[in-house]
Every structure is written in C-alpha cells, then in structure tokens.
Amino acid sequence: MANEVTLLDFWPSPFGMRARIALSLKGIEYEYKEENLLEKSPLLLKMNPVHKKIPVLIHNGKSICESLIMVQYIDEVWNDKSPLLPKDPYARAVARFWADFVDKKVYVSGKRIRITKGEEQEAAKKEFIESLKLLENELGDMPYFGGEILGYLDVVLVPFYSWFYTYETYGKFKAECPKLVAWAKRCMENESVSKSLPEQERVYGFDLKLKKVYGIE
Amino acid sequence: MGDVSEVKLFGTWSGSPSPTKRVEIALKLKGIPYEFIQEDLGNKSESLLQYNPVHKKVPVLVHNGKPIAESAIILEYIDEHWKYAPKLLPEDPYERAMVRFWANFIDEKLRSRALVMSEGEEKAKLIKEYIENICVLEEGIKRDFSGKSPFLNGESPGYLDLVLGSSACSHRAIEEIVGAKLIMPEIHPLFFAWVTAMKNHPVVKETLPPHEGLLNHVLKYKQRTLELLNTKA
Numbered sequence: 001m002a003n004e005v006t007l008l009d010f011w012p013s014p015f016g017m018r019a020r021i022a023l024s025l026k027g028i029e030y031e032y033k034e035e036n037l038l039e040k041s042p043l044l045l046k047m048n049p050v051h052k053k054i055p056v057l058i059h060n061g062k063s064i065c066e067s068l069i070m071v072q073y074i075d076e077v078w079n080d081k082s083p084l085l086p087k088d089p090y091a092r093a094v095a096r097f098w099a100d101f102v103d104k105k106v107y108v109s110g111k112r113i114r115i116t117k118g119e120e121q122e123a124a125k126k127e128f129i130e131s132l133k134l135l136e137n138e139l140g141d142m143p144y145f146g147g148e149i150l151g152y153l154d155v156v157l158v159p160f161y162s163w164f165y166t167y168e169t170y171g172k173f174k175a176e177c178p179k180l181v182a183w184a185k186r187c188m189e190n191e192s193v194s195k196s197l198p199e200q201e202r203v204y205g206f207d208l209k210l211k212k213v214y215g216i217e
Numbered sequence: 001m002g003d004v005s006e007v008k009l010f011g012t013w014s015g016s017p018s019p020t021k022r023v024e025i026a027l028k029l030k031g032i033p034y035e036f037i038q039e040d041l042g043n044k045s046e047s048l049l050q051y052n053p054v055h056k057k058v059p060v061l062v063h064n065g066k067p068i069a070e071s072a073i074i075l076e077y078i079d080e081h082w083k084y085a086p087k088l089l090p091e092d093p094y095e096r097a098m099v100r101f102w103a104n105f106i107d108e109k110l111r112s113r114a115l116v117m118s119e120g121e122e123k124a125k126l127i128k129e130y131i132e133n134i135c136v137l138e139e140g141i142k143r144d145f146s147g148k149s150p151f152l153n154g155e156s157p158g159y160l161d162l163v164l165g166s167s168a169c170s171h172r173a174i175e176e177i178v179g180a181k182l183i184m185p186e187i188h189p190l191f192f193a194w195v196t197a198m199k200n201h202p203v204v205k206e207t208l209p210p211h212e213g214l215l216n217h218v219l220k221y222k223q224r225t226l227e228l229l230n231t232k233a
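Line by line, the protein sequences are chains B and G. Counting from 1, one number per residue, gives the positions in the first sequence under UniProt numbering. Counting from 1, one number per residue, gives the positions in the second sequence under UniProt numbering.
Heads up, a few of these hints could be off.
[To be verified] Have a look at the derived ranges for each label pair, beta carbon to beta carbon:
#1 G/PRO210 to B/TYR214: 47 to 53 Å
#2 B/ALA182 to G/GLN223: 32 to 38 Å
#3 G/ILE187 to B/LEU45: 37 to 43 Å
#4 B/ASP103 to G/ILE187: 44 to 50 Å
#5 G/GLN223 to B/ALA91: 41 to 47 Å
#6 B/GLU120 to G/GLU121: 46 to 52 Å
[Said to hold, decoys possible] Here are some of the chain B residues that sit facing chain G, going by a computed Cβ distance under 10 Å:
#7 HIS59
#8 LYS62
#9 ILE64
#10 CYS65
#11 TYR90
#12 ALA93
#13 VAL94
#14 PHE97
#15 ASP100
#16 PHE101
#17 ILE129
[Claimed, not checked] Here are the simulated lysine-lysine pairs, BS3-like style, with alpha carbons at most 30 Å apart:
#18 B/LYS52 to G/LYS44
#19 G/LYS125 to B/LYS111
#20 B/LYS81 to G/LYS87
#21 B/LYS87 to G/LYS66
#22 B/LYS105 to G/LYS148
#23 B/LYS105 to G/LYS142
#24 B/LYS87 to G/LYS8
#25 G/LYS56 to B/LYS111
Hints in this document: simulated from the structure, not taken from any laboratory. Keep in mind the model is a prediction, meaning the values are calculated, not measured. Beta carbons are placed, not taken as given, at the ideal position from N, Cα and C, and that holds for glycine.
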C-alpha cells in the first residue's frame, strides 16, 4: 500500500517543526499543508476534532495529533532508518521525561515571557533560564542529547532555536546557556533541521504581529 | 549486580486516587514485587528529593537504583522492561498513538482538584466543563476503542485504563463533595460500563481505596487546603 502522508502545520509552530524534522530525518515524502489558524480548514477540524490544533499528521487517512505522540509514531512506523528513541527501556524513559519537561517548563515559561509584564514576566524569565540550565546539565559533554547523533530529545528541543532571537529581545538568556546555544548550532548543521526551521528574524516579525493582534505592548 | 530486580515505589498515602495508584496496579498486574515507600508530601524525604530533583513529586519508581518519574512514563517503562503479558500498551503504532493521545487528554482536561476546591459560580462552570469533557471522552471511546472490551486495552486493564482509572473510579466521592453527578449512565453509557468493569477488577479493587476512606481523604484535603489559604490571607 502506498504511504500517503500529509502534515497540517503552521510555519512558526515549534511543535510542527518537530514533525518536519522527524519526517525529514526518516526520508519520508509528505504533503505540507499550511493552516490559517484564524480560519481553520474543514480537514483540520475533521482530523483533530478534540483540540482543533496543529500539527496533525495524516497517514493513509488516519490522523495522529500532539507533537510528542507524532514523533514517537513516526519513529515506530518508519523504524528502518534514523532511530530517534534509544533501544534501552531506561534510556527511553529518560528521553521521554526530558521531552515532557521541555513541554511543561520551557514552552510554558517561554510563552509567559512573551505575554506577561512586570513581576510575572521576571518570574517567567527566571524559570525559563533555570529550565534551560537543567537541560544543559543533562546534555553534559555529549554532542547531542541522543549521544553521537541526533535523537528524540534533540528533535523535541531544537525548534526553539528559531525562537532564540525573539526570546533575546525580552531578556538576555543566550549568555546564560552557551552550551545549549552551541548544541543548537550543531543540530542546525544537519539539513533535516535547518530545512525545517524558519529564520529567526521571520519568527520575530511574527511575534510582533501577534502581540499587536492581541493588544500586548 | 545480582539477578534480583529491586523495585521501589515512592508514593502518596494509600488512601488517595493519585497517579501513584496507576503504577501500583501496573506492578501488581505484572506480578512485579516492589517495596512501597510512603511519602509525606508536606515533609518530603531526602531520598525522594534525590531521585526526583527536577519535580520533587511522586510517584517515582526506582529500579535497581535508577529512578523514573512521571506516572505515564513509568507505565511505559514497566511495559517495555517486563515485556511479558499482560501487555499494558498495544503493539500497533497507530493504536499506541491513540492510547497516548487520550491519556494526555485525561491528564489535561479531567483534573478533579480544582473542581473539588471550587465554590459557587466557579464550581458550576467547572462541573459543566467536566461533564462536557466526559462526553468528549465517551465519543472517543466509541470511535477509537469500539473493538476493545471490557477494558480500553481489551481483556486486561492497560496504560489508558490505569491513567483514567485512578481518578475515574473515585468519581462517587468527587460527586458527593461537589454535590452533582458527573458520570451518568444515560449520557455516558460506554464510560459508565467501563468504570464498572474497572471497579470490579480484583487487582484494581484491592488497590483503590474504598469509598468511605476516599471521601474522608478528599474532604480532609479540601479542609487542609482552605486552612492554608486562610492563614496566608
């Protein structure tokens, strides 16, 4: 049976980027469909009726939602090339733990930095940097979280690289996490990553526009 | 290192419908012997802080000295390390994605803590939302798990049954505290049938607290939390 793969996505979404990177690393051909989140397509609403969010992966007519679930699905189906999760159950649990941490801490505090002000924003910045430092610690001396090559956690975290410039405008964090910045640049040397991430300046422009729309100064 | 597998589970007091229960049931279903270490969340042990320095929460499974945190991740680890039956997750990648999707939904949308603590208008709003989310879950069970009976995992409870079960089986206590029915057989027939099957499963029954004990525990939790808020004010 032919493999029909479609990705419903939105270009600045770090979650969408995870799927793009995974699909590229595995050499999977797919159709990319850009969604207008202010006017969601009938296909999106049909394929993700519960959350109505992107990204959504459609494989031979069946939809898979939630980026972490999607990346694991891709890894499990196309298991002949570029394994993302390690084989050892304990190493897998550790990778999943940190992926969950990225979503609960890095993404949440990063978002709060952009939409709050004053004390709340300062608290968010502190949490954001602390979370990145914990990840730096986890990386240790390895070139990638996956060891010698890119793995699951690298795919999960590296999309935030495209948002680095945007976060820097709110508060200097790159100086606090030089190892992580070096790691991200190393990941960007891989075409699957660089092709999947938008330019940092373009993301910054998007953030400015978004703030205007939501009336955030 | 000996051949004997050493398993420790750090968890909360056995009278609560917490994520710790999910792990306990899984260990029992697989027949894995373990040592339970009860944590007082108001006075966490050095060991817990050492094994889960990032979140400082329970449950934490420590297997031969190596810690794993977050109940859903622990369940996958248990299934991957102790590969024999009963399997907790399905083999097919698409079915696994479905199971993980609904587990996320449950952890995101069916949290009872805020509901239990709420009053007045806020409570009415949360009750309505909760029931709506159960309806979404009912639809999901119908659409994605029609072939599976009596549990979402088939013959034996699995990952999703355990993630959902630790709180769903305590619905009567929550309903009594908020003073409203949340799960109704007329509106949520599949979900209700599933809860009944769960409650009657011998391992689940012996692990989850009885209604009275649970009710008292939740009421005490609410009272303690209110006292803490009042002393702060």
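Minimum Cβ distance from B/ALA93 to chain G below 10 Å?
4 Å, holds
For B/ASP103 and G/ILE187, compare the CB-CB distance with the range 44 to 50 Å and indicate the outcome.
Violated, at about 32 Å.
Hinted contact B/ILE129 with chain G - closest CB pair below 10 Å:
15 Å, violated
Answer holds if the nearest beta-carbon of chain G is closer than 10 Å to that of B/TYR90; otherwise answer violated.
6 Å, holds
Holds or violated: are the alpha carbons of B/LYS87 and G/LYS8 at most 30 Å from each other?
Given that 30 Å is the threshold and the Cα spacing comes to 23 Å, the pair holds.
CA of B/LYS105 to CA of G/LYS148, is that 30 Å or under?
Violated: B/LYS105 and G/LYS148 sit about 35 Å apart, past 30 Å.
Does 41 to 47 Å hold as the CB distance between G/GLN223 and B/ALA91, or does it fail?
Once the Cβ atoms are compared, 44 Å apart, the range 41 to 47 Å for B/ALA91 and G/GLN223 holds.
For the range 47 to 53 Å, tell me whether the beta carbons of G/PRO210 and B/TYR214 fit it or not.
Hint holds: Cβ distance 49 Å, inside 47 to 53 Å.
What's the verdict on B/LYS105 and G/LYS142, does the C-alpha distance respect the 30 Å limit or exceed it?
34 Å, violated
Distance restraint evaluation - B/GLU120, G/GLU121, Cβ atoms, bounds 46 to 52 Å
25 Å, violated
Hint validation: B/LYS62 versus chain G, beta carbon distance must be below 10 Å. Holds or violated?
6 Å, holds
Given the proposed pairing of B/LYS52 with G/LYS44, does the C-alpha separation stay at or below 30 Å?
40 Å, violated
Of the numbered hints listed earlier, those contradicted by the structure are 2, 3, 4, 6, 17, 18, 22 and 23.
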